[in-house]
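Model the full assembly from the supplied sequences, consistent with the hints where possible.
Protein chains: 2
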Amino acid sequence: METMGRHVIAELWECEFDKLNDVNFIERTFVDAALKAGAEVREVVFHKFAPQGVSGVVIISESHLTIHSFPEHGYASIDVYTCGDLDPTIAAKYIADALGSQTSEMTEIPRGMGPVTVGKARVTAHA
Amino acid sequence: METMGRHVIAELWECEFDKLNDVNFIERTFVDAALKAGAEVREVVFHKFAPQGVSGVVIISESHLTIHSFPEHGYASIDVYTCGDLDPTIAAKYIADALGSQTSEMTEIPRGMGPVTVGKARVTAHA
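From first to last, the protein sequence lines are chains A and F.
According to my numbering, numbering within the first sequence proceeds without interruption in unit steps and concludes at 127.
According to my numbering, numbering within the second sequence proceeds without interruption in unit steps and concludes at 127.
Treat the hints with care, since some could be wrong.
One copy or two, either will do: identical chains are not told apart, so a pair holds if it fits within one copy or between any two.
[Stated by the list, open to error] Heads up, simulated SDA-like pairs for lysine to any residue below, C-alpha to C-alpha not over 25 Å straight-line:
#, residue 1, residue 2
1, 48, 87
2, 48, 85
3, 48, 27
4, 36, 72
5, 36, 100
6, 19, 50
7, 93, 110
8, 19, 73
9, 19, 93
10, 36, 89
11, 19, 84
12, 93, 50
13, 48, 111
14, 93, 51
15, 36, 114
16, 48, 13
17, 19, 85
18, 36, 73
19, 48, 28
20, 93, 13
21, 48, 32
22, 93, 108
These are computed hints drawn from the structure, not numbers from a lab.
Pasting the structure below:
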């Protein structure tokens, strides 16, 4: 398997409190997001924190998707990392929409290319 | 909980084949790395691919650690993301050493700060 991958780091703000605090909703959303991007799901682990917040991961054959949600701040920190021909932005945008994010920033970082990666990063921001 | 976090993206090259292909060694290394950084381990999931390669995650109270290894390329793609006062570079360096990486690049990206993050990223490369 080739090492090259695309890693989308997404900062999702102004999300809906109830969605950010619903571990079942988030797990379903993440599995759906992986499938929509064409990934093969291998492992699914989500954890609900007290009093609020969810962390979780979907390990896919092509790398992973993760989330850490902070309902009290309307914020979710997500990563979508894919190898091969998949497009991680499909999953990241699906998740942003599902969580009702009103402001998001997505940064794409190439992985497994050899040289330092940050110079190649692409930033997109929209409100 | 505050949203601010530190996310280290590490590209580890010239690692030892046998270590990159040993799911039990990698799992133990990642749990130890999390503990050395002072994290609280919540979930541990590692997956061995055929014919080779390991993917896995340690979810910590303070975010996560992940790996995707490509033994045939001597390459491991790792992420160490921590919130709070933890220093993710402690875990990332521990992992790089454990895998016998001869060349690594680590990029730190601030998370949960609000504005676009890439301009703040710090790159360190060493051979």
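Going down the list of hints, with the structure as the test:
1. 48 - 87: between (28 Å within a copy, 24 Å between copies)
2. 48 - 85: For residue 48 and residue 85, the Cα distance is within 25 Å only across copies (21 Å; inside one copy 32 Å).
3. 48 - 27: Answer is both; intra-copy 11 Å and inter-copy 22 Å each pass.
4. 36 - 72: neither (29 Å within a copy, 29 Å between copies)
5. 36 - 100: within (18 Å within a copy, 37 Å between copies)
6. 19 - 50: Intra 15 Å, inter 36 Å, cutoff 25 Å: intra-copy only.
7. 93 - 110: both (18 Å within a copy, 21 Å between copies)
8. 19 - 73: Answer is within: at 12 Å inside a copy they meet the 25 Å cutoff, but 40 Å across does not.
9. 19 - 93: Classified as within: same-chain Cα gap 16 Å, cross-chain 36 Å, threshold 25 Å.
10. 36 - 89: Result: close within a single copy only, 11 Å intra versus 34 Å inter.
11. 19 - 84: between (31 Å within a copy, 24 Å between copies)
12. 93 - 50: Classified as neither: same-chain Cα gap 28 Å, cross-chain 31 Å, threshold 25 Å.
13. 48 - 111: Between. Shortest inter-copy distance 20 Å satisfies the 25 Å Cα cut-off; intra-copy 30 Å does not.
14. 93 - 51: Result: close neither inside a copy nor across copies, 28 Å intra and 33 Å inter.
15. 36 - 114: neither (29 Å within a copy, 28 Å between copies)
16. 48 - 13: within (19 Å within a copy, 35 Å between copies)
17. 19 - 85: neither (30 Å within a copy, 27 Å between copies)
18. 36 - 73: neither (28 Å within a copy, 29 Å between copies)
19. 48 - 28: both (14 Å within a copy, 24 Å between copies)
20. 93 - 13: Within one copy only: 13 Å inside a chain, 31 Å across chains, cut-off 25 Å.
21. 48 - 32: For residue 48 and residue 32, both the intra-copy (19 Å) and inter-copy (23 Å) Cα distances are at most 25 Å.
22. 93 - 108: Both: 13 Å inside a copy, 24 Å across copies.
When held up to the earlier numbered hints, the structure conflicts with 4, 12, 14, 15, 17 and 18 and fits the remainder.
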